[in-house]
Each structure stands twice: as structure tokens, then as C-alpha cells.
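Construct the complete structure from the given sequences, taking the supplied hints into account.
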Amino acid sequence: MRIRFFAIPLALLLALSAAAATGLTKNDKTTLREAVVVLDALTSAPDKGIPQELLGKADCILIFPSVTKGAFIVGGKGGHGVASCRQPDGKMGSAAFYTVGGASVGFQIGAQSADVVMLIMNEGGVNHLLADRFTIGGEATATAGPVGRTAQAATDAQMHAQILSWSRSRGLFVGAALDGSVVKPNQDANARLYGEKTTGREILVNSKLDVPASAQSLVDSIRQHMAVAVAQERSETR
Numbered sequence: 029m030r031i032r033f034f035a036i037p038l039a040l041l042l043a044l045s046a047a048a049a050t051g052l053t054k055n056d057k058t059t060l061r062e063a064v065v066v067l068d069a070l071t072s073a074p075d076k077g078i079p080q081e082l083l084g085k086a087d088c089i090l091i092f093p094s095v096t097k098g099a100f101i102v103g104g105k106g107g108h109g110v111a112s113c114r115q116p117d118g119k120m121g122s123a124a125f126y127t128v129g130g131a132s133v134g135f136q137i138g139a140q141s142a143d144v145v146m147l148i149m150n151e152g153g154v155n156h157l158l159a160d161r162f163t164i165g166g167e168a169t170a171t172a173g174p175v176g177r178t179a180q181a182a183t184d185a186q187m188h189a190q191i192l193s194w195s196r197s198r199g200l201f202v203g204a205a206l207d208g209s210v211v212k213p214n215q216d217a218n219a220r221l222y223g224e225k226t227t228g229r230e231i232l233v234n235s236k237l238d239v240p241a242s243a244q245s246l247v248d249s250i251r252q253h254m255a256v257a258v259a260q261e262r263s264e265t266r
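Per the numbering used here, the very first residue in the sequence shown carries number 29; after that it's consecutive.
These aren't lab readings, by the way, just hints derived from the structure by calculation.
Treat the hints loosely; a few may be bogus.
Said to hold, decoys possible - Below 30 Å or equal to it, Euclidean Cα-Cα: the simulated BS3-like pairs (lysine-lysine) are:
{"no.": "1", "residue 1": "K85", "residue 2": "K119"}
{"no.": "2", "residue 1": "K54", "residue 2": "K236"}
{"no.": "3", "residue 1": "K57", "residue 2": "K76"}
{"no.": "4", "residue 1": "K57", "residue 2": "K236"}
{"no.": "5", "residue 1": "K225", "residue 2": "K236"}
{"no.": "6", "residue 1": "K85", "residue 2": "K54"}
{"no.": "7", "residue 1": "K236", "residue 2": "K76"}
{"no.": "8", "residue 1": "K212", "residue 2": "K57"}
Encoded structure:
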């Protein structure tokens, strides 16, 4: 009888744990799915996308699908997105949910919504990303990124910025100045994704966490695109 008495709570505990790991909201699932679409668009039109050279050099990438103008108004709910960082072996790591919002700038291109992509280009930018929150143009130096097949036309400011950012609407990428925007990890969404409370740092840097099944397609896509960009960047520098 004692075995049965303890088996019931144990089974219940395991069931609750499994439920937590699969308890993503509809918005979470949509973000993971649409981030893959945005990522594919980066390379579908090389002359009108983000230079592969910059993708190959980036330490981290953040993708925020379908961010509305309301997210960039003080008090707005913010855009829901994902981040992934390069690991010591050069391979991109798992995905963490992040939010962006709080600025009053809106989109330069006049669209009501747009996809937002950010590249973290150096250690200083990574350190800001791993903090509880950071402000673009405040703690972190940032600028609108260049568009095109190569980064040859990039300005000195673009080549030395910690963060480069773009927005995409109607299929076109443009450099986007997001000064004043606040970026921070979405702790609740990350707890839903991994089935336990965790931090952006624990997910993004030297992570011991397994990639959740629900994020596997996105992580695979990030790894593929970034590996291709690295290979291309190396071939062009030979």
C-alpha cells in the first residue's frame, strides 16, 4: 500500500512537469513559427536583405515578428520575439524569448507593423543582452543596419556599433533606428518554453539546457542560416 501511496503523487508531479514544458501560449507558438519565416526572408533577396557578412560576424541574433507601432509607445505591450547566441564552438545555441518596446519612435517606413531583426556584433552588446534589460541607444550603442549583398557601404558607425537593427515590411528590409526601445528577456514565456524558471543568460551562454522540441525548428533554421553566412564570409576574406 505504501508503494501505491507514493506512486500517485509522483505520477502527478511528472504530469505537471510535462504540462509545464508544453504550456506555450498561442502567441508563443506563433512567435516561434513566424521567426523562421523572417529568418528565411533574410537570404531570399540578397540585394535587399541583411548582408551575409554581418550575419556571419554576429554574436547573437534577435527576431521580433510582426511588431506593431503600439509596441513602441510608452505603455505598449511590446513586441514578442526570440534570441539566440553563438556558443564557444561557433554553433548557435538554443532560443530565448525576449520583448522589445517602450520607445516613442515608431517605424520609419510608416507601416503599422513590421518584423524587427537585431544583430549583436560584439561582447559589449552581448553583455547588455544578458542583463535584466537594456535600452537601445542608452546603455547599448546601436544604429540602423545597412542593406544589400555586402557590407561594403556600411558607415563607420555601423561597423563599430554594438547592435545593428532592421525592420521588414512589405517584403523589404530597411535599417531601423530604435533608440529608446527597451529589450528584456520574457521570463514567463521562457519558463513556459523550458518548463522551469530560467534566465536569458542561462539559456543563451554556455547553456546546459536541451533545445525544447517546440523550438527545435527555429533553432535548426538559425543554425543553418548563420553557418551559411559564416562560410560565405570566410570565403570572401580569403
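Okay, which hints does this one fail, numbers in order? 6 and 7
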